[in-house]
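Chemist: Single-letter residue listing:
2 protein chains.
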Amino acid sequence: MTDPLRLGIAGLGTVGMGVVGIVQRQADLLAARAGRPIVITAVSARSQRDRGLDLSSYAWEDDPVALANRPDVDVVIEVMGGHDGPAKALSEAALAAGKDLVSANKALLAIHGQALAEAAEAQGRVIRFEAAVAGGIPVVKSLMEGLAGNGITRVLGVMNGSCNYILTRMEDAGLSYAEVFAEADALGYLEADPELDVGGIDAGHKLALLAAVAFGTQVDFAGVVLEGIGSVTIEDIRQAADMGYRIKLLGVAQMTGRGLEQRMQPCLVPAGSPLAQLPGGTNMVVLEGDAVGQIVLRGPGAGAGPTASAVMADVMDLARGTRYPTFGQPAASLRRARAATAAIPAPYYLRLQLLDKPGALAKVATALGDAGVSIDRMRQYDHVDAAAPVLIVTHRTTRTALDDALSRFATTGVVVGSPVALRIEAV
Amino acid sequence: MTDPLRLGIAGLGTVGMGVVGIVQRQADLLAARAGRPIVITAVSARSQRDRGLDLSSYAWEDDPVALANRPDVDVVIEVMGGHDGPAKALSEAALAAGKDLVSANKALLAIHGQALAEAAEAQGRVIRFEAAVAGGIPVVKSLMEGLAGNGITRVLGVMNGSCNYILTRMEDAGLSYAEVFAEADALGYLEADPELDVGGIDAGHKLALLAAVAFGTQVDFAGVVLEGIGSVTIEDIRQAADMGYRIKLLGVAQMTGRGLEQRMQPCLVPAGSPLAQLPGGTNMVVLEGDAVGQIVLRGPGAGAGPTASAVMADVMDLARGTRYPTFGQPAASLRRARAATAAIPAPYYLRLQLLDKPGALAKVATALGDAGVSIDRMRQYDHVDAAAPVLIVTHRTTRTALDDALSRFATTGVVVGSPVALRIEAV
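First to last, the protein sequences are chains A and B.
Residues 1 to 427 (the UniProt record's numbering) are what the first sequence spells out, left to right.
Residues 1 to 427 (the UniProt record's numbering) are what the second sequence spells out, left to right.
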């Protein structure tokens with residue numbers, strides 16, 4: 001295999017141009033490592049304009065589907081984005097035309113991954129998607145190959161750098177969510193639709209992909225419990241710190257007796273844990289296996305260089321002849337997992353506002369007790385106006401019991417507004 | 001490829017039995033992921049005794065070379081250890097017999113890796129060695145495949161859990177090196193020849209292997225500057241902490257204008273860095289590439305489960321048909337790097353004992369200045385007997401200039417004994 005591997009790149013945004021840059025700059029290194037030259041033969045994007053690198057030797061296609069059908073393309077690189085429309089049409093066309101597909105498109109794969117994996121296997125082609133999860137961190141490879149001898153017990157992590165930036169910045173600067181959100185938006189740290197970031201959707205796509213690989217299940221984004229960071233207040237961040245925790249938007253996937261639990265939600269993690277200490281826009285993924293124990297991977301979760309690095313990892317694997325099914329085993333063998341939403345008990349952090357009435361605290365304690373939730377630690381603070389903030393850390397309990405307690409709070413007549421309830425995840 | 005992949009395991013210590021355990025326990029999972037069954041056909045060890053798992057269906061070979069020559073073995077797994085003798089004979093025999101080789105033997109590969117890689121390629125076979133570096137962490141894979149699109153700029157890390165345990169325990173318990181060494185030895189944390197651990201040799205083997213992969217050079221263990229942790233005192237640990245640092249046995253490999261610099265030595269790292277916070281027997285490797293930036297990998301560096309997990313990662317790759325040269329590019333294309341030992345400047349931490357004489361400090365400062373070393377921070381402490389401890393953090397300087405300063409100290413007549421000089425590594 002000394003023929004060049006010929007790439008067609010669909011999408012010339014920062015990631016696409018990052019890939020072009022690596023292929024141009026590192027031609028000798030890539031050829032030495034792959035045992036064959038890596039060349040770009042064709043590119044496609046919405047507009048032909050100067051992007052800072054010389055693209056004149058590549059064929060230009062206005063239509064990405066036409067790029068997929070070119071006989072001089074072996075591997076189609078999809079770095080357009082969007083879970084429908086052109087990206088989907090291109091991906092399907094590439095596989096149908098007998099091309100391998102390298103995709104950075106977490107949304108597309110989280111939603112249509114099973115169908116695409118089946119289409120790839122029907123054609124004897126492969127889909128690789130390292131760049132779709134946690135940017136430059138080789139987490140898909142570590143999970144799918146590096147831990148291939150392990151029964152995976154849990155996958156968790158911080159998978160959206162923008163959310164981690166917002167939460168870290170709130171804590172460091174003592175600013176409100178709204179203030180930091182506006183700041184991040186102005187700095188261009190957020191997606192065009194910011195809800196993709198702060199609503200946990202983008203990170204949820206990544207979690208669903210990792211869960212499929214980890215547990216041999218069909219990718220099931222609809223089964224991810226999604227809670228964004230919009231409800232996290234600076235008070236919660238401060239109080240959590242006071243109790244020895246930090247708040248992170250944490251994705252957790254775990255196979256339980258009741259089914260596959262996938263959650264992407266703000267959680268408390270112990271302040272001393274690696275996850276708690278993750279700064280700014282960085283990502284961290286923790287992989288747990290029955291043989292290896294715990295592996296922690298940390299790195300840049302976004303950006304042209306890191307994401308292009310991940311795309312090139314997939315390209316280099318294909319150039320070296322590495323081929324296996326999209327999610328690590330044949331698509332037809334992936335089980336359809338039942339979604340479990342409240343299977344794994346955990347301690348919870350509760351913050352509520354208590355009316356200044358005799359017996360108020362007792363009523364709350366009774367409501368918890370009646371729901372079967374026991375208290376590990378409790379703190380009541382000074383009254384502000386007529387209400388006093390109360391913090392409670394519970395012992396391990398189920399979400400069902402906790403929800404029962406929360407609904408009992410509503411009938412006590414002493415709890416003001418909606419209590420905040422955040423899971424404390426053991427790391 | 002649905003034929004079983006047939007393993008012959010040479011060595012039935014904790015790692016070998018860990019591999020047997022995974023193959024027996026996870027047969028279905030492994031077959032689903034590999035697309036073919038993974039079976040053990042033969043084993044070899046020094047003695048046939050009860051090891052807790054049923055080995056009766058495997059052929060037994062007293063002689064590992066006979067195991068390598070069996071026609072019913074596709075992949076030989078070498079988990080015997082030792083850089084010469086039976087392990088070397090077995091490895092050569094396996095390749096000569098046309099078998100792929102999975103090795104956990106860092107010493108053998110660090111010393112004979114180039115010759116073995118050439119032998120493998122002459123036969124069209126491959127050698128895989130994930131288990132030889134940093135136990136369960138998929139670091140060879142991350143570097144060789146996950147970062148294959150990167151020019152690697154630096155590889156560094158804590159690669160010997162026993163040394164990290166000793167240094168961490170000294171700091172936590174305020175004990176001397178000798179006390180903790182005795183403790184670790186009694187707990188069985190050290191190799192039969194403890195110098196392999198505390199002398200940095202074992203970690204140096206790992207660093208040499210990573211450097212070869214990172215820089216496309218022939219593995220050169222002889223070129224690793226080795227300093228063990230035996231000279232690290234509790235005073236240095238305390239003083240370093242006081243200045244905002246922790247002391248770690250750090251391996252660093254970097255390509256410089258003067259050649260390949262490989263160092264395994266006690267260094268100071270900023271207390272807030274992930275490396276500084278690494279607890280006990282854990283390993284951490286930092287990979288830096290021109291596209292990806294910095295990737296940090298953390299996990300268990302030793303033990304039956306983690307090491308067997310790494311062995312199985314290699315086995316699963318072979319089962320899936322992944323094949324490429326031992327160090328990531330053909331052995332004949334690996335350059336013979338010149339060893340550079342003092343190419344990269346750094347700040348240094350100095351601790352010295354100063355006689356209680358007028359002008360003593362001025363003489364030390366003058367010696368540093370004359371050698372071209374400038375002072376960033378200095379602290380003089382109370383006299384103990386006739387000498388006062390002085391701590392100096394220098395600005396970035398070369399090791400050559402620093403050594404010049406150290407030799408000038410000797411002629412001042414005010415410096416008692418040998419000063420301690422430790423590099424401060426930016427992470």
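Calculated directly from the structure, the hints in this document are not laboratory data.
Treat the hints with caution; some may be incorrect.
Stated by the list, open to error - FRET-style restraints, in silico, Cβ to Cβ:
#1 Thr341/B - Ala182/A: 47 to 55 angstroms
#2 Thr14/A - Arg338/B: 32 to 40 angstroms
#3 Pro194/A - Gly230/B: 23 to 31 angstroms
#4 Ser176/B - Ala192/A: 58 to 66 angstroms
The beta-carbon is built from N, C-alpha and C at its ideal position, and this holds for glycine as well.
Chemist: Each hint should be assessed against the structure and marked as holding or not.
Modeler: Status of the hints after comparison with the structure:
1. Thr341/B - Ala182/A: 47 to 55 angstroms: Given about 52 angstroms between the Cβ atoms, the range holds.
2. Thr14/A - Arg338/B: 32 to 40 angstroms: Between Thr14/A and Arg338/B, where Cβ atoms are some 38 angstroms apart, the hint holds.
3. Pro194/A - Gly230/B: 23 to 31 angstroms: Given a distance of about 55 angstroms, which is not inside 23 to 31 angstroms, the answer is violated.
4. Ser176/B - Ala192/A: 58 to 66 angstroms: holds (60 angstroms)
When held up to the earlier numbered hints, the structure conflicts with hint 3 and nothing else.
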